[in-house]
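Peer 1: With the hints as extra help, turn the sequences into a complete structure.
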Amino acid sequence: MKKLLLATAIMSIASVASIPLAHADAKWDTVTDKAKGQTVYFNAWGGSDNINKYVEWAGAEVKKRYDVNVELVKITDAGEVVKRIKTEKDAGRNNGGSVDMMWVNGENFRTLKTNGLLFGPWAESIPSWQFVDTNKPVRKDFSETTDGLEAPWGTAQLTFIADKNVVAEPPRSGKALLAFATKNPGRVSYPKPPNFHGTTFVKQLLSEMIEDPALLTKPVDKDSFNKVSQPLWDYLDKLHPVAWREGKAFPANNAEMHQKLADGELKLSLTFNPNDAANLVAKEQLPPTTYSFGFTNGTIGNVHFLAIPFNAKAKEGAQVFANFLLSPEAQVRKADITVWGDPSVLDASKLTTAQQAVFNKRAPGSLDEVNPTLAEPHATWVEALEAEWLKRYGSQ
Amino acid sequence: MLKRTLPSLPACLAMLGIALTLAPLIPGLLWVLAPALNVDTWQALVQDNQFASALLSTLGSAVGSTLLALVCASLVTVMLYPGRGWLLVQRQLPVFLAFPHIAFAIGIAFLIAPSGWLARGLANLLEWSSPPQWISIRDPYAISLTLTMAIKETWFLLWIMATLLGEQAISRQITLANSLGYSRAQVWVSALFPQLLPRMGWPLVAVLAYSLSVVDMAVILGPSTPPTLAVLSWQWLTDPNEMTQAKGAAAALCLMLLLGLLILAGRGIWWGIKTLYKNPSGVRQRGLAFKSRRLFGLSVFVPGWLSLAILLLWSVAGGWFFPRLFPASLSLKSFSNADFEPMFTALWLGAATVMIALPLTLAWLEWGSRKHHGWLYAPLILPSLPIAAAQYHVLLAINLDSTAVGVIWSHLTWTFPYMLLVLVGPYYSFDTRYLCTAQALGHSRFSACLSIKWPMLIRPILAAMAVGFAVSVAQYLPTLFSGGGRFATVTTEAVALSAGGNRRVLAVQSLLQTALPLCAFMLAIGLTAWYARNRQGLK
Amino acid sequence: MTTLSIRDLKLTKLNGAPLLGPLSFDIAPGEVMTLMGVSGVGKSTVLNWLIGASQPMFMVEGEAWLGNLRVDVLPTEQRRIGILFQDDLLFPHFNVGDNLAYALPADTKGSKARQRAIKEVLTSAGLSDFYDRDPATLSGGQRARVSLLRALIAEPQALLMDEPFSKLDSTLRQQFRSFVYERIDERKIPTLLVTHDAEDIPHGGNVLELHEGGGVAKIKGTEGASLTC
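Residue numbers (this note's numbering), protein chains in the order written: chain A, 12 to 407; chain B, 42 to 580; chain C, 26 to 254.
A portion of the hints provided could be inaccurate.
Distance ranges between label pairs, derived from CB positions [said to hold, decoys possible]: (1) B/L116 - C/D33: 35 to 43 Å; (2) B/P368 - C/S69: 52 to 60 Å; (3) A/A187 - B/V112: 47 to 55 Å.
Hints listed in this document are in silico derivations from the structure and should not be mistaken for laboratory results. Just so it is clear, the structure is predicted and the values come from calculations on it, not from any experiment. C-beta atoms are modelled at their ideal positions from N, C-alpha and C, and glycine is treated no differently.
Peer 2: This is how it looks when you write it as structure tokens:
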């Protein structure tokens with residue numbers, strides 16, 4: 012009797028548990044059905060050839076398998092897209108918007124979320140979500156909760172690049188960088204904020220110089236901002252006179268820094284993708300003696316996401332595309348150094364051995380060391396830092 | 042009793058077409074500039090620490106390049122007109138007029154950057170191992186921007202001068218003034234420039250308006266801390282923050298006001314110069330015998346040839362690092378891997394724009410008012426940034442943003458006036474008796490135009506089409522704004538890649554960008570020759 | 026008062042074919058020599074050579090002398106030879122007075138003195154209140170007169186005229202012709218006139234008729250003129 016009761020209990024629980032799954036499957040089928048024939052305009056940073064080619068590959072796959080067309084719209088800064096969506100909302104364009112999906116994170120995500128410009132929640136309802144490693148910070152974006160409004164796509168970490176023949180012993184902290192710049196005047200720089208690489212560099216220095224790092228996890232306090240960030244400005248005031256062009260001008264973006272590194276005008280460059288240098292060496296844009304390195308105490312890392320605007324025309328197509336981008340096949344290919352090298356957000360234990368092996372591929376120039384990842388400051392720090400930087404150094 | 046005739050159907054269609062093309066800009070501009078009509082915005086603008094420097098560098102580069110271009114074009118004309126050197130100038134001008142300014146700027150950047158070709162030459166001579174700490178491109182005083190714009194504008198002004206000097210009377214005036222005892226240079230200063238300059242008034246305004254509001258060249262060569270006012274305004278207008286957007290609108294309005302002030306100042310200066318010409322003192326100054334006039338005069342094209350050469354070299358280069366003077370290896374990989382889609386996008390956008398602009402232009406010239414057509418040139422003398430922003434707002438309101446129709450419409454705003462400019466001279470001086478004869482033979486006016494007038498004007502019409510196509514290809518801001526980033530043309534690609542590291546891809550896209558208008562011009566010349574192959578009178 | 030002499034003038038086309046010459050003639054002070062011939066025979070070329078305008082289409086040999094000064098090797102501005110074209114070519118940015126002031130040599134210094142001199146010249150031509158007038162507002166005949174005055178006020182040592190009467194109607198033509206010849210006679214300037222119209226030939230003046238292939242014919246002669254072909 013007891014056995015029968017137990018069996019019935021287990022069976023009923025099992026059947027109840029399988030209903031949400033079946034329900035979810037049915038929902039997803041509706042999405043894929045609706046997505047057929049849609050065109051998804053994917054707005055993404057177009058500054059890297061590798062990324063553009065990867066997205067094209069993904070688009071072709073999605074066309075083959077789900078009959079969804081993907082058009083890559085290359086942008087220079089996600090802020091422009093945020094502005095465009097906002098303008099559309101103000102003009103009353105509540106559907107048929109020009110952006111179907113965008114590559115976003117940080118303060119741009121925050122602006123979108125607080126202004127109600129996003130569609131969702133949808134991120135955790137797509138089938139590929141089951142592979143995501145939820146131990147990684149995939150539900151928080153610069154300390155702002157994602158609430159399922161954006162799906163994690165990959166991770167990034169601030170990494171530095173140098174040439175072995177020129178820089179044998181690289182600086183491994185902010186302080187060491189200043190000493191290095193003083194010994195090599197005019198050969199160190201960073202992209203001009205508000206370019207996101209430049210802003211991240213400044214954030215990195217702030218996290219090293221600030222007295223109480225815990226402040227960074229909370230929203231910025233306007234009243235104490237100047238006092239709290241003073242060590243950073245003191246540092247920059249010391250760095251700029253020995254920086255490239257004496258800190259009176261800055262490279263426009265990290266691609267320009269790579270080019271200057273290749274020609275010897277700069278001795279260090281930086282990137283978010285730990286495998287960027289390897290790609291550039293393979294394309295003969297950097298000499299083969301290039302190598303990547305990080306800071307001993309860690310550099311800022313983050314997760315980057317995919318989001319769908321509230322007025323997107325092809326919401327279902329966008330979800331199907333996002334689902335594919337999060338699938339093991341796509342994530343593994345993305346992490347392949349010879350393709351893009353952007354680390355995956357998936358749980359390695361849920362992948363096959365062959366797939367895991369791809370994560371271990373190495374190529375000349377890629378980052379060989381493992382450095383701690385520092386968390387991003389809260390999104391509100393970005394605007395405050397950029398405004399203050401422009402005020403102090405934006406006009407020379 | 043005279044019967045009032047109603048405008049015919051073609052005339053009505055013409056007016057409608059032109060109204061659709063240009064009229065929506067007016068509400069669009071008001072929309073864009075509305076946030077600027079607020080005292081708080083102006084306060085924020087003036088207090089922004091980037092504003093003052095941006096204003097100065099914009100003013101300096103715009104006035105500087107315009108004046109420099111005027112002086113250079115004048116010098117070349119004085120030195121070379123009307124001999125064989127002048128013919129050489131006229132033969133090379135079309136090539137350099139078709140050379141897109143972005144591609145030219147990119148080539149110049151390749152030449153003079155600290156890791157550029159000139160520096161590498163010096164590095165080889167002086168045995169440097171790293172690039173010098175020069176400040177050449179993106180210098181804080183916008184000198185490299187000014188000089189590069191000046192060169193391109195010199196070519197444009199030379200073309201304007203060549204058109205004005207095409208008349209016989211000018212060379213006779215020179216002979217006459219010479220016979221009165223005045224040397225060559227003095228003849229130009231005292232007798233010819235006072236006649237020519239007033240007729241160059243509007244072209245100079247167009248040049249000034251362009252250099253005040255240029256965004257793409259300023260991004261490539263101009264300063265960045267802070268950028269010029271046009272670039273700053275553009276950055277602000279695309280920022281999500283509302284106050285920043287308002288500052289952007291105010292900055293755009295500021296540019297328009299600046300242009301107005303500069304025009305007034307120019308008029309004032311001209312009025313002052315005229316008083317200097319009263320009561321000529323009759324003093325004849327000895328002329329300088331300038332032996333290498335032709336060499337000096339033609340040197341105005343040297344930067345153009347160098348820029349083109351360096352672009353070609355980079356496009357076929359393998360690995361090429363400082364301080365090598367020539368690439369370590371040559372390969373056509375950059376071409377075979379190149380993305381030709383931006384070129385095709387620019388091609389069909391341009392062709393569509395010209396196909397729509399041509400009937401509009403012809404219809405206006407035929408049935409439009411001769412007195413009022415000056416207004417249609419407005420887009421050429423207004424800063425282009427506010428107009429591009431206005432276009433976006435208009436398209437957004439009628440749901441045509443990010444569509445091909447929207448982008449083509451936005452290109453028409455500049456293509457149409459330029460085609461008008463090229464065609465107006467030959468059109469208005471066309472002998473009306475031909476049309477009269479055709480109509481007397483029983484043809485309607487429209488049919489007579491189609492079969493008689495327009496075929497007779499085939500040469501200027503094809504030239505105007507080539508110019509219109511080149512203008513469309515070169516559009517940057519309108520394609521970006523109205524197309525919502527969906528239409529990547531060679532121009533948008535080149536600017537996007539210009540701050541990047543892959544100079545080979547950049548060189549290939551720049552060359553593709555140059556190839557399009559060049560081919561258009563050659564096609565125009567070829568078609569004219571073919572059409573007129575048995576008809577000497579059309580050549 | 027000087028004589029304008031042309032010695033051994035030879036014109037050859039670029040392909041080597043001879044156009045004109047060799048030709049030599051003298052023009053006495055105050056004399057008006059007329060050059061006639063069909064179009065293309067080389068009349069304008071002779072004028073251009075004398076005035077020093079460039080002509081890439083022809084090769085010219087010969088000498089031109091103004092008194093004792095050889096002028097064909099000097100630049101135009103030093104030759105002291107004036108020219109009158111078909112079109113009046115009055116500078117539109119100067120008023121009538123300034124057009125003349127432009128030509129008036131700098132020896133007359135001071136704006137008051139210069140204005141006086143110019144007003145005198147204008148009055149003598151029946152244009153007394155025309156100093157401040159805009160050339161575009163003058164009639165064809167008035168413009169032609171101002172044009173001649175301008176050429177003469179520069180005190181040239183010789184004068185060339187390239188069909189100066191052809192744009193005027195017949196009554197004006199006669200008036201202007203007499204006006205021109207009077208002044209030339211007054212100042213005793215050797216003058217070379219190129220024209221199509223035989224009526225333009227001054228009474229008793231010498232004529233050089235150029236024929237195709239280089240032939241030259243003299244039609245009339247008076248004492249004091251020498252002509253060799």
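Peer 1: Work down the list of hints and note, for each, if the structure agrees.
Peer 2: A quick look at each hint next to the structure:
no., hint, result
1, B/L116 - C/D33: 35 to 43 Å, "holds, 39 Å"
2, B/P368 - C/S69: 52 to 60 Å, "holds, 57 Å"
3, A/A187 - B/V112: 47 to 55 Å, "holds, 52 Å"
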